[in-house]
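Trainee: The lines below spell out each chain.
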Amino acid sequence: MKAAKFDYVLAESIEQAVAALAAGNGDAIIIAGGQSLMPMLAMRLATPATVVDINNIAQLSGIEAIGGEVVIKACTRQATALASPLVQMRLPLLAKAISHVGHQQTRNRGTVGGSLSHADPASEIPLAALAMDARVSLRSVAGTREVALADFFLGPMMTARADNEILLKVHFPEEPDGPDGSRMGTAFHEVSERHGDFAVVAAAAQIQLDANGRCIKAALALGGVNGVPRRIPALEARLRGTRIDPDAVRAVLPEIADAITPGDDQHASAAYRRRVAGVLAERALLEAVAEAAP
Amino acid sequence: MSQREINLSINGKTYAAAVEPRLSLLDFLRDHAGLTGTHVGCEHGVCGACSILFDGVPIRSCLMLAVQADGHAITTVEGLCNEDGAPGPLQDAFQEAHGLQCGYCTPGMLISAQALLAGNSDPSIAEIKDAIGGNLCRCTGYVQIIEAIQLAASRLREAGQ
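Chains as they are written, first to last, in our numbering: chain A, 1 to 294; chain B, 1 to 161.
Chain A with its partners taken away, still in its complex shape (with noise of 0.2 Å):
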């Protein structure tokens, strides 16, 4: 349970950092908060030859509203954009998802952009960050590069982020109440074995309805049922454009048989996760638009 032998660089910018991860040829690994990599470390799941430490980069820290966007630097802790004003007015989704996330000791190291890079399937940064439709910057001595994140998750902790790439920052769109009285309405429940545990499943649904209580964009993202958090774009289709109440949610729930594969494990089985994915699904969409509801 000790972490076998590597070398440790201390980046003092992006530059140094890209440098060398460049320079570990695809056996250099960052540490950010460090809440995941350290356990892989100990375990010795993770043995890289080099180590880079990317704390100290004041430009990975910090979070901004810019035209239209809220952007959260990947080293921002995750109990930093809790307690953020930013972020729970703007994007209340995301606010919602990290207080299921860890414990206190937990969220005061691990970051944002580090739970988007480990990509557990079940983690919730990820799960919010793809029904919110933001996208990641990442950086290589060669450039930089967005990608949305319903690319970015390829399996699970497995991302579309090349070895010698670092995540520079978290673009999400803002969802403002238009002044034609447009609302937008949020919800985000999970099944875990204790609070702060990894989800078993998750549900996060993020509902925009015009002023006559229409819905003009809805997204349902579940997570723990399958290796990357998914989408369920047959049912947000059938939700925009009308009315929802409980029957129309109910109608609709079907659509998410077809786009999930939950698989079994020790903390649950497969047709649990089944019957927990629809049951949260119900629960998210419809309290999203009760907040939303004009």
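There's no promise every hint is true.
[Claimed, not checked] Facing chain B, a subset of chain A residues (Cβ under 8 Å, in silico):
1) Ala3
2) Arg109
3) Ser192
4) Ala259
Think of the hints as simulated: they come from the structure by calculation, not from any bench.
Since this is a predicted model, take the numbers as computed values, not measurements.
We treat Cβ as the ideally placed atom computed from N, Cα and C, and that holds for glycine.
Fit chain B to the supplied structure of chain A, relying on the hints for placement.
Mentor: For chain B alone, kept in the frame of chain A given last:
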């Protein structure tokens, strides 16, 4: 692997050492600084026995490298004592309310409670449960720990702190 020089403050005292990068902050505290009050439980961030205050906020010392603590200020359970070395108010309350049996989780519980009471002098039971949610105890059933934290809170309020 080359060692790195670190300087940090622990319970108000400065420590300087050369450490391997792979050394956890937890192992540094116990094996290098000789502060064995912080306990090694799971070593992968589940049990909370290794909790410390890092720049004033609670974290798990098994999930940090010692080199990452360079230049920072740490409080361990030893730092919760009164200046004369006698148990501090939280520690007294844990003893009186039977907030411990085997004592393994206790340093982590005390640190989580300290962080809670620093910002909330009259926590509800729900707030106490949330604060110690990241600390596992296999003896007490948690009830006496919650009572101990309530007792400490009431005494600190009476003392006007």
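Trainee: Look at each hint and say if it fits the structure.
Mentor: So, going through the hints one by one against the coordinates:
no. : hint   : in the structure
1   : Ala3   : holds (4 Å)
2   : Arg109 : holds (5 Å)
3   : Ser192 : violated (11 Å)
4   : Ala259 : violated (32 Å)
Taken one by one, the earlier hints fail for this structure at numbers 3 and 4, listed in ascending order.
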